[in-house]
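Enquirer: Letter by letter, the chains look like this.
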Amino acid sequence: MGLLAAPAVAGPDSDSLVINGELEMVTETAAPEHLDGAVGDTIYSGWRFRTDETQALQLDDFDNPAMLTVDKAIDYFNTVDGSEGKSCASCHEGPEEFAGLTASLPRVEDGKLVVLEDIINGHRAEVMGAEPWKWSGQDMQGMVALIGLQSRGMPVDVKIDGDAAPFWEQGKEMYYTRYGQLELSCANCHEQNYGNMIRADHLSQGQTNGFPVYRLKQAQLISKHNRFRGCIRDTRAETFAEGSDEFRALELYVASRGNGLSIETPAVRQ
Amino acid sequence: MKKMLVTAGLITAFALPLHAEMVAPTQVAFTDGAVEGSLTGTAGDPAAGRVIMNKGAGNCIACHMVSDLEEFPFHGDVGPSLDGVGDRWTEAELRGIVSNAKEMFPDTVMPSFYRTTDFVRPGNGFTGKAAEGELDPLLTAQQVEDVVSYLLTLKE
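Quick note, the sequences are listed as chains A and B, same order. The first sequence finishes on residue 270 if you use the UniProt record's numbering, and the numbering steps up by one all the way, no holes. The second sequence finishes on residue 156 if you use the UniProt record's numbering, and the numbering steps up by one all the way, no holes.
A hint or two may mislead.
[As the list claims (entries may be wrong)] With a cut-off of at most 25 angstroms between alpha-carbon atoms, the simulated BS3-like pairs for lysine-lysine come out as follows:
{"#": "1", "chain 1": "A", "residue 1": "K159", "chain 2": "A", "residue 2": "K172"}
{"#": "2", "chain 1": "A", "residue 1": "K134", "chain 2": "B", "residue 2": "K129"}
{"#": "3", "chain 1": "A", "residue 1": "K217", "chain 2": "B", "residue 2": "K102"}
No wet-lab data here; the hints were simulated from the structure.
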């Protein structure tokens, strides 16, 4: 079918992702039981749906453009900020301390669903006396990426039962709601049609295991909530705000659809 | 001067009945997913319909492959190829599918192009903000007719 400028691709490719020549990623695995076969037997990382050129940028940290922002976050970690004269390093030995954390977030604390941005801004406001960062700002997402990097290669493993259950249910309901004048749900695109082309875009399963992702088009790190907002806006809908309780719940539900995939933070997208 | 006024009055008089024939989005009558009469009383323009397939709120090739639209890049495959739809469906059926595909294919992912009610959090275009006032349909009645007349040209 030579007439299509887009490559006639169907489904994920069969490439495997080994970072820096040594760290092997699980980019496909058995779908979690709670999905009950809704996406078929297998879940895939978004990396498997990208072109070879985009994929290549994630193979080596020297080529990964997100690492510049991560380096800035390392500098910030050791920089005193706010009225209390403290840095992250005043209380934490280093970001390595947070290995495994990103794989288990969001989680419930004192009845509230908490995501990494909440923890970071909480520390800035409460213990450092610094201004909170904007949700999708590069300082915030750089820190989210630096902490996420400590879990790279670990399987996503969010808890969905117990006190997490009501939040998970809320997120699930959102996932299947057909928003906007185009009446499209997350599932319409990422469950029913992953592997298909929608105009020039090769639809993935909409997994979040690589977030924040560096988007070449925007030349910066993109937060999960920013991606959710964009996807809902594209249905001609009134979207939800970044940092809203709705998006926290959706973040938990979407993360749980990826339970078992490796954390790839920071991933690279076109 | 007097003559000109009379002429203007005549034009209005002629325009009114035409206008009255326009079927509003909330008044479209579906029979088994099909819509019998024209939505406007004015024949569709296939050339104009062809442009809508690629552009604006139509953007049908986001989801459909159409060989005749080869010059436009990036045809999606969320929906079936539309090659030969002019043979597979009648004019009334195509009008129904384009106006509100959910009447023909319940639960389809295809948007309803001539419908204005019962949406969840409808937005103001692609701004992400809430819609203000009444929604416009994605396509006007005449654009639906134009697209239908174009689809009828897609024969094997």
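Enquirer: Could you run down the list of hints and mark each one as holding or not?
Expert: Verification of the hints:
no.	hint	verdict
1	A:K159 - A:K172	14 angstroms, holds
2	A:K134 - B:K129	20 angstroms, holds
3	A:K217 - B:K102	35 angstroms, violated
Hint 3 from the list above is the single one not met by this structure.
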